[in-house]
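Asker: Chain A is already provided as a structure; the job is to place chain B on it using the hints.
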Amino acid sequence: MIRKELVAASAEPLILSLLAKGESYGYAIIQEVKARSDGKLQWTDGMLYPVLHRMEHRGLIKSHWAESETGRKRKYYSLKKDGKTAMAKHHEQWSLVHSVLAGLRKEQYV
Amino acid sequence: MLAAGIKTPVPLDELEIHLREEIQRQMQLGLDAQKAFEISIQRIGEPNVLKSEFQKSNLLTVERKRIKVIAGGILTLFVGFMMLWAPVVQSRDVRKITSEAVVLFVLGLILVFDGAAISFLASKRSFLASKRKA
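Same order as they appear, the protein sequences are chains A and B.
If you read the first sequence in the numbering used here, its first letter stands for residue 260, the second for the next number, and so on.
If you read the second sequence in the numbering used here, its first letter stands for residue 1023, the second for the next number, and so on.
Just chain A, with the same shape it has in the complex:
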């Protein structure tokens, strides 16, 4: 299981990157993150929604209500222009952290 500080810090870049593939709704976002991390990255389900709302307030994403093919009402979120910029920034910073960490790890095995 991944520690909760890291789960919290990675929520925004993960949501932005998922929405970059196309619009989605809360439940599907949680399920996809769970599946992609083999269940190791687990949010407390309800906590995703305040994060989504904050991101919407900040103008990174936008939302609209629509009915699914099964007739169920859902709130769909999609990326805005500022969200794309924020995502690029996140990717840059996470890549930097990753490369420093990988470099240090490599040195330990030399």
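I should point out that these hints are in silico values taken from the structure, not numbers from a laboratory.
Below, a list of computed lysine-lysine pairs in the BS3-like style, where the Cα atoms sit at most 30 Å apart:
#1 A:K321 to B:K1090
#2 A:K263 to B:K1078
#3 B:K1078 to B:K1153
#4 A:K343 to A:K321
#5 A:K263 to A:K299
#6 A:K343 to B:K1087
#7 B:K1078 to A:K321
#8 B:K1078 to B:K1146
#9 A:K340 to B:K1087
#10 B:K1090 to A:K343
#11 A:K340 to B:K1078
#12 B:K1087 to A:K348
Partial pick of chain A residues on the chain B-facing surface, computed with a CB cut under 8 Å:
#13 M306
#14 Y308
#15 R331
#16 R333
All figures in this text were calculated on a predicted structure; none of them were measured in a lab.
Where is the CB? At the ideal position from N, CA and C, for every residue including glycine.
Answerer: Quick look at chain B alone, frame taken from chain A:
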């Protein structure tokens, strides 16, 4: 939950839909309704923690509104001062003061007081809110 008309800073509609989807999924995996409900409730998180997280994003909106009000107050103050300008210049020669200038002067004064009061009250509320947060 929604039908019960519960007033809360938490948008219940989204959470309710989430809960229904999770219960349905758990039941498809073979759990009975009661167990599926219990697990889904547990997964959605502690009500108090959720409420405080939602309140954080509500506070952001309130703060943003206050900033707009403060900016509006300052703008009113500025317009008021501009309106005072012409009558004040005219008043250098008492004989040249027109009735329009007097009206403009009074309106300008009202706007200056309004603007000052609006921006002062909004700033005070914003300051008190930030103190409470700390």
